[in-house]
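These protein sequence lines map, in sequence, to chains Z and G.
Oh and the first sequence: position 264 is 264 in the numbering used here, straight run, nothing missing.
Just add 305 to wherever you are in the second sequence, counting from 1, and you've got the numbering used here.
Treat the hints with care, as some may be off.
[To be verified] Here are the simulated SDA-like pairs of lysine to any residue, each with C-alpha atoms no more than 20 Å apart in a straight line:
#1 G/310 to Z/130
#2 Z/200 to Z/130
#3 Z/69 to Z/197
#4 G/310 to Z/24
#5 G/342 to Z/29
#6 G/310 to Z/160
#7 G/346 to Z/283
#8 G/310 to Z/31
#9 G/310 to Z/29
Calculated directly from the structure, the hints in this document are not laboratory data.
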Amino acid sequence: MKRAFPILAVLTALFLAYAFYQAMFVAPTDALQGDVYRIIYYHVPSAWTAFLLFFVNFVASVQYLAGAKPSTKRAANWIVIMAGVVGFIAPFIPQVQRQLPTGMYPSSVATTALIIAGLYFLVGKYFPGQSLDVLAVTTAEVGVVFCTIVLVTGPIWARPVWGIWWAPGDIRLTSTLVLWLIYVSYLVLRRFSDSAQTQKLAAVLAVFGALDVPLVYFSIWFFRTQHPQPVIGGGGSMDPRMLHVLLISWMAFLCFAFLVGWSRYRLEWLRREAEEAEALESLLEPGGPSAPVSKAKDPLSRAAR
Amino acid sequence: MNSIKFLYAAYIATWLIHGLYLGSLARRYSRLRQRMKDLRK
């Protein structure tokens with residue numbers, strides 16, 4: 001796997017260059033916004049990638065918390081199975097279908113429910129024990145980087161189109177900022193807390209933070225906001241050529257996120273190994289807690305005399 | 306609409322953020338490698 005990294009890095013760089021070429025020169029110019037709309041090819045894929053990473057962080061955190069006891073793990077597994085089955089069947093019930101926003105297909109809701117349940121079990125299978133915690137911190141950090149890009153490119157796009165950098169009180173913008181702040185506090189907690197409970201506390205914070213992701217995503221469906229309607233589903237009407245380039249760009253950013261996440265994952269394991277080695281060394285070094293105590297220095301031998 | 310500079314600004318900002326993060330990862334890697342080397346001595 002380690003040998004594949006440079007090859008994948010080169011392929012991803014080429015893919016990103018291709019996505020850039022498509023975004024700048026192949027995608028048609030927007031009739032209303034002109035060329036500035038091309039920010040969409042970095043803004044939207046970054047948002048989708050951040051959401052995906054935060055979702056993986058949520059799944060890993062739930063798995064980590066549930067894995068503390070076998071009975072809790074079994075209960076969590078059953079809850080996910082039930083949620084997957086209900087999520088798959090419910091969208092096809094006419095009463096539920098009527099509640100779905102315009103443009104949201106029942107089949108896509110059902111598929112999403114199945115993917116979420118499947119991802120939960122896949123993460124549990126391939127990331128046992130401490131790997132879950134390492135995965136959680138990795139996805140949170142890389143997710144924050146992508147979310148930062150969303151928060152920076154959004155206002156740069158808003159200024160020429162809306163005439164303002166930021167729309168105060170707008171639910172899409174505010175909830176995205178709150179999401180970013182939650183995950184930044186998650187990283188700060190992990191960085192500066194030395195408590196043995198840090199991993200559990202961070203996992204609980206991640207579960208609460210993830211609740212903001214659906215609010216951010218669906219806010220433009222359910223509330224009136226300055227932000228435009230979704231480009232896929234939800235009544236969005238994007239030119240197929242633009243959509244094609246958008247998906248290429250997202251795939252390229254997903255590959256990039258995977259590589260960066262992989263590096264961060266390895267770094268976290270290395271850091272933990274170094275900490276363990278340092279702790280072991282401090283135990284073994286002369287004068288350390290478990291080092292043999294000389295008679296002259298030993299308070300007990302002095303007391304015996 | 307003369308807004309092409311905003312497009313360039315957004316693209317440059319994106320790669321600047323990614324570059325800074327990749328730089329921080331590389332720094333952390335080299336610091337960790339040094340720590341491991343010191344431990345092995």
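Against the structure, the hints:
no.: 1; hint: G/310 to Z/130; result: violated (46 Å)
no.: 2; hint: Z/200 to Z/130; result: holds (12 Å)
no.: 3; hint: Z/69 to Z/197; result: holds (16 Å)
no.: 4; hint: G/310 to Z/24; result: holds (13 Å)
no.: 5; hint: G/342 to Z/29; result: violated (54 Å)
no.: 6; hint: G/310 to Z/160; result: holds (10 Å)
no.: 7; hint: G/346 to Z/283; result: holds (16 Å)
no.: 8; hint: G/310 to Z/31; result: holds (18 Å)
no.: 9; hint: G/310 to Z/29; result: holds (15 Å)
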